[in-house]
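The numbering used here puts the first residue of the sequence shown at 111, with every later residue one more than the last.
In case anyone wonders, no lab produced these hints; they're calculated from the structure. Some hints here could point you the wrong way.
[To be verified] Under the rule of at most 27 Å between Cα atoms (straight-line distance), these lysine-lysine pairs were calculated in the DSS-like manner: (1) 234 x 273; (2) 484 x 395; (3) 703 x 528; (4) 390 x 484; (5) 269 x 234; (6) 307 x 391; (7) 519 x 460; (8) 751 x 673; (9) 518 x 395; (10) 484 x 398.
[Said to hold, decoys possible] Beta-carbon label-pair distances, calculated as ranges: (11) 372 x 192: 51 to 57 Å; (12) 576 x 375: 55 to 61 Å; (13) 576 x 638: 36 to 42 Å.
Quick reminder that beta carbons are idealized off the backbone N, C-alpha and C, glycines included.
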Amino acid sequence: MKSKAITKAQLLEQVADLQQQVKELKSANVAQKQTGEVLRNREEQFRLLYKNTPIPYQSLDSTGNIIEINQAWLNTLGYTRDEVIGHWFGDFLQEDFRELFRERFLRFKKMGVILGVELEIVCKDGAIKTVSYDGQVATDEDGQFNQTHCVFIDITERKQAEKMLRVSEERWLSLTNNTNDVIQILDTEGNILYINKVYPPHELGDVVGKSIFEFIDEAYHQSARESIGRLLEEKTPQDYETKILLSEHDSFYFSITYVPILVDGEVHRIISLGTDITEKKKAEKSLKESEERFRTIFEVANDVMIHLDEDGTVLNVNDKLEDILGYTREEVVGKSFSEVPFIDLDQMTKMVELFADSVRMKGPRLLELELLHKDGRPIFVESSSTTVIDRAGIKGALTILRDVSERKKVEETRAKMKALEELDQLRTALLASVSHEIRTPLTSIKGLASTLIQPDVEWDDETQSDFLKGIVQESDKLNHIVSDLLQMSLIEAGIMRVEKTDTRISAIIKQIDGELRDITQMHSLEINISPNIPRIHADEIRIGEIITNLVSNAASYSDEGSKIFLEATQTDGHIVVIVSDTGIGISPEYQDKVFDRFYRLEDGVSRRRGGSGLGLAICKGIVEEHSGQISVESKLGEGSKFSFSLPIAKQSESDNDNPI
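Given only the sequences and the hints, what does the whole structure look like? Please build it.
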């Protein structure tokens, strides 16, 4: 029968009760024989109690030496009984706690009880545990100190968690106190529980405990409520802009992000991150007013016009400069073109070349540039420049900047649409390729299985074995296709697991030698590993897959009896592995496609090899994951040579490899 788990308090209570009963029996006026028998029974109960309890127990004499411990104490700290009994307890404490123990032990003996005393105790293996002690003092029949009864629990993990929590809190406070953003913690009703800073004339005490709606302009109340409502429903961050009222005549605009704090899957609190966008709003308002003001003036000239003299000094600009780039005429006129603030260094070189070419060529030239708005955002423009000529000759240049930001957005949208179309084409290719390759072995499996289970035919053992072998072979093909698809999906997602170790290319080839021989049993495989090849840092299984795939391709597209060569050599800090054959070769126009997903070289080979069309794409992904490169050289009708490179492992240049 299993004993029920007891707490420290229950254990100490039982120990004290048994101790008291022992004392009472010793002093009772009963028959000596009866007293001795009962006393022995009680002492045996006491011994079994502390011995079998799962809570570590210890007893100290008046000098602090250990006179008794239980097995749980030994198991927790790793000592044997002989290493503990008779030793001063302080010897087992971390050095900083020994003097503390001396002081507290004296107090313990006087007070008779301790609760939750934390000490750091050293295990036999050197590890330090933080433990919490509860204990009572046992006295003799005269009330004098006899021994202690103490138990402890290991609180090391709790203390570490508390430390991590303190560090986390310190980081949080450091973040909130040093950020320019306003950070609040709200309850689900929008009441402010915490805020890192406030704007005058408010003070922290005036804000905490109040609703955010007391500070938000009434016109923005609905959007704030809707944002909180969506957050509570969707449990996802929500963004909106609002206007904060500081006084009757003073306000700020903020971009707010609400982030949910979830407890047991429900929103418990809301973190509000507020960025002051007042200046941005003012700039947007100013820009809008500027656009409205100048649109009527420049109904035709909607482009920025910059007039430069022959030295590149800005003579004049129109008001569209401010409309498009945010700079006024006064901020630009009189400056050298190389000093204007809306062109960064990378674009300046193009602009100088544009100006110089215009002066030399005496004609317009079109150039697309990325300029900087005064608020820092990029503005895409189409720039053309032409020379300004009078009777005396070239007087400078007129540069026109046309804002094509919207066009760029359209182009980006088209690019995204094209990417989606390519994805759709890829999906179509996947369905077309994989559906056929899966259907073929499935059809074979179904046909073989159906034939095998015909009720009116009894097949002999050899025929049944042939059918089953056929099913296994077709199942292997299916498994290979599915494995290719899984590997390609891992590569595309960037989560392919690669376990790299220092190894030799010869060791990898030895591991797959049997498989390579099976693949090339109808061909002649020659392996040549150059001597003194250093180690590589690579995933042996993945590199083996590449070599196996390349050799398999060589066998598939080569005539029976032809030679296949597998070589490895060292070149410029890399190990280069080469697989070559004398097969049908690849036309130049197809060589760039062989590493594409779902591409298979089938022309002229009567579909010699099935599969997913992902083999070489997977090889490329694995090689690139190893910081290497893979390539192909081929001549139609003469054969192909596939090679991939892998970096040499660090400090391995002089570590020789043994050839196979």
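Evaluated hints:
no.	hint	in the structure
1	234 x 273	holds, 25 Å
2	484 x 395	holds, 15 Å
3	703 x 528	holds, 20 Å
4	390 x 484	holds, 11 Å
5	269 x 234	holds, 21 Å
6	307 x 391	holds, 22 Å
7	519 x 460	holds, 23 Å
8	751 x 673	holds, 12 Å
9	518 x 395	holds, 24 Å
10	484 x 398	holds, 15 Å
11	372 x 192: 51 to 57 Å	holds, 53 Å
12	576 x 375: 55 to 61 Å	holds, 57 Å
13	576 x 638: 36 to 42 Å	holds, 39 Å
Checked against the numbered hints listed earlier, the structure breaks none of them; every hint is satisfied.
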